[in-house]
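Q: Single-letter residue listing:
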Amino acid sequence: MSKVTTIEEAVARIPDGASLMIGGFMGVGSPHALIDELIRQGRRDLTIIANDTARPGVDIGKLIAAGAVKRLVASHIGLNPETQKRMIDGDIEVELIPQGTLAERIRAGGSGIGGVLLSTGVGTTVAEGKQTVEVDGETFLLEKPLKADFALVNAWRADEYGNLSYELTARNFNPVMAMAAGTVLAEAEEIVPVGVIPPDQVETVSVCVDCVVARRN
Amino acid sequence: MGTEMDEKTTIAKRVARELRDGNLVNLGIGLPTLVANYLPVGVQVFLQSENGVVGMAPLGIPGAAAAALTDAGGSPTGIIPGAAAFDSVTSFCLIRGGHLDVTVLGGLQVDEQGQLANWMVPGKMVPGMGGAMDLVSGAKRVIVAMTHTAKGKPKILKRCNLPLTSVRRVDLVVTELAVIRPTDAGLVLEEVAEGVTVDQVIAATEATLIVPETVSTMKLAA
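If you're matching them up, the sequences are chains A and B in order.
Following the working numbering, the numbering of the first sequence begins with 251 at its first residue and continues without gaps.
Following the working numbering, the numbering of the second sequence begins with 847 at its first residue and continues without gaps.
One thing to keep in mind: the hints can contain errors.
What the hints assert, rightly or not - Computed, partial: chain B to chain A, Cβ under 8 Å: (1) V887; (2) T916; (3) F932; (4) G974; (5) D980; (6) G984.
Said to hold, decoys possible - For lysine-lysine, the following DSS-like pairs were computed, each having C-alpha atoms within a straight-line distance of at most 27 Å: (7) A/K320 with A/K253; (8) B/K970 with A/K312; (9) B/K986 with A/K380; (10) B/K854 with B/K970; (11) B/K1065 with B/K997; (12) B/K970 with B/K999; (13) A/K335 with A/K312; (14) B/K859 with B/K1065; (15) A/K320 with A/K335; (16) B/K1004 with B/K854; (17) B/K1065 with A/K380; (18) B/K859 with B/K970; (19) A/K335 with B/K997; (20) B/K854 with B/K1065; (21) B/K999 with B/K854; (22) A/K335 with B/K970; (23) B/K1065 with B/K970; (24) A/K320 with B/K970.
Note that these hints are calculated values from the structure, not bench results.
Here the structure is a predicted model, which is why all the values come from computation and not from measurement.
Ideal Cβ positions, reconstructed from N, Cα and C, are used throughout, including at glycine.
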């Protein structure tokens, strides 16, 4: 029943060209060891769905620098000039999405919801090409669900079944991404025996998680 | 009109007077984060950081710190007793759902309709909107805290020519020169900074300003 595996085996499941949700906010709460292993194994042509690309050479910024990313879906790349440069040069296709809309689209993707109605972005460039829906006189954008082949998440503690708990602002997009991908790889600061994490503190239910790896320090 | 530091301090001190005890407040990166340092005595607010915390300690005030505790710019921050941590979904439910009393954001342009552009300059700067569009669309009150001009050019225009952050009309614009309230009728000049004349504000503004009979002098938090 244990889902604990090595970082090398976990990342070997990911093929070139896969779509990956990666948790983290400016590198905080990102699965550092899984990202490093993606680069070591030379993965290419990835689609990355993440809040941001951190800073140059940090966390997801390493994947950008390594030329491993073909397409990026994110809310903010302002603190990584390298991502902006590669976007302007045409090396990476970038789709920018408001942060709350990104979270809700991922939530819809992982919870069997066909779309969400959001007022964020109405009348702006974000609305281009999107269906609008009127509800009681208010206009909303129909935002479609977002899913990925894999989610790479970072947790504070994991048990051997894959139950996860998180810490402070390292939580961010990790719990919602763990619901929205075909295969979920969880990197934990600490792996504990089953039963150690109190049920009330489990935020990602083990059944959503496929592999658990220990962070390398 | 003083140094850049004076300008930012003036703006932050004026905006601080807009906050009420118990407000949930989200301060944008940069100038807006200074606002928390000038809260009037007796006013305690809960600061939200959209990466997942309510109860962030104001800048420069040591709160409880941890490696996994950062602000929306990814810098280490502290929290006050009574803080709460949550994921990005919950964070934006607070923002869109009518729970956020005030957001204070920087601006590149504001126009006569009170619309704000603050997230990109096509071809030059494409940082992405982050949470700005959600904040401007969702907060109960939106206060723009920005310098009145950029390199001598007005930022308060007849019509924004940069991509809008939201079509929602912002509630108040505070600069180092003036306090301006967007209304149905247009932009009302409510206050001018000490030592600044109404004519000086008009000269530094491209948009038409509605000037009431009395324009008061800007009062700053201590």
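Q: For each hint, tell me whether it holds in the structure or not.
A: Hints, one by one, checked against the model:
Violation of the interface hint for B/V887 is found here, the shortest Cβ-Cβ separation to chain A being roughly 30 Å, above the 8 Å cut-off. The interface hint given for B/T916 is met, as the beta carbon of that residue sits about 5 Å from the closest beta carbon of chain A, less than 8 Å. This hint holds: B/F932 has a C-beta 7 Å from the nearest C-beta of chain A, less than the 8 Å allowed. Of the supplied interface hints, the one on B/G974 holds, with its beta-carbon coming within about 4 Å of a beta-carbon of chain A, less than 8 Å.
The closest approach between the C-beta of B/D980 and any C-beta of chain A is roughly 4 Å, which is under the 8 Å cut-off, so the hint is satisfied. Against a cut-off of 8 Å between C-beta atoms, the interface hint on B/G984 holds, since the closest Cβ of chain A lies about 7 Å away. A distance of roughly 30 Å separates the Cα atoms of A/K320 and A/K253; the hinted pair therefore is violated under the 27 Å criterion. As the CA atoms of B/K970 and A/K312 are separated by approximately 23 Å, the hinted pair is consistent with the 27 Å bound.
Note on B/K986 and A/K380: the hinted pairing holds, with a Cα-Cα distance of about 26 Å set against a maximum of 27 Å. A threshold of 27 Å between alpha carbons decides the hint, and for B/K854 with B/K970 the separation of about 25 Å falls inside it, so the pair holds. Among the hinted pairs, B/K1065 with B/K997 is consistent with the structure: their alpha-carbon atoms are about 26 Å apart, no more than 27 Å. Annotation: proposed proximity of B/K970 to B/K999 holds, straight-line Cα distance about 18 Å (limit 27 Å).
A distance of roughly 15 Å separates the Cα atoms of A/K335 and A/K312; the hinted pair therefore holds under the 27 Å criterion. Taking the CA atoms of B/K859 and B/K1065, the gap is about 9 Å. The hint holds against a cut of 27 Å. Between A/K320 and A/K335 the CA atoms are separated by roughly 14 Å; this keeps the pair inside 27 Å, and the hint holds. Using a Cα cut-off of 27 Å, the hinted pair B/K1004 and B/K854 holds, with the two alpha carbons roughly 24 Å apart.
Pair hint B/K1065 plus A/K380 does not hold up; C-alpha atoms about 45 Å apart against a cutoff of 27 Å. Our distance criterion of 27 Å between C-alpha atoms is broken by B/K859 and B/K970, whose separation comes to about 32 Å. As the CA atoms of A/K335 and B/K997 are separated by approximately 25 Å, the hinted pair is consistent with the 27 Å bound. Taking the CA atoms of B/K854 and B/K1065, the gap is about 15 Å. The hint holds against a cut of 27 Å.
Note on B/K999 and B/K854: the hinted pairing holds, with a Cα-Cα distance of about 17 Å set against a maximum of 27 Å. Restraint check for A/K335 and B/K970: the C-alpha separation of about 10 Å stays at or below 27 Å, so the hint holds. As the CA atoms of B/K1065 and B/K970 are separated by approximately 37 Å, the hinted pair breaks the 27 Å bound. In summary, the hint linking A/K320 to B/K970 is supported, as the alpha carbons are separated by about 22 Å, within the 27 Å threshold.
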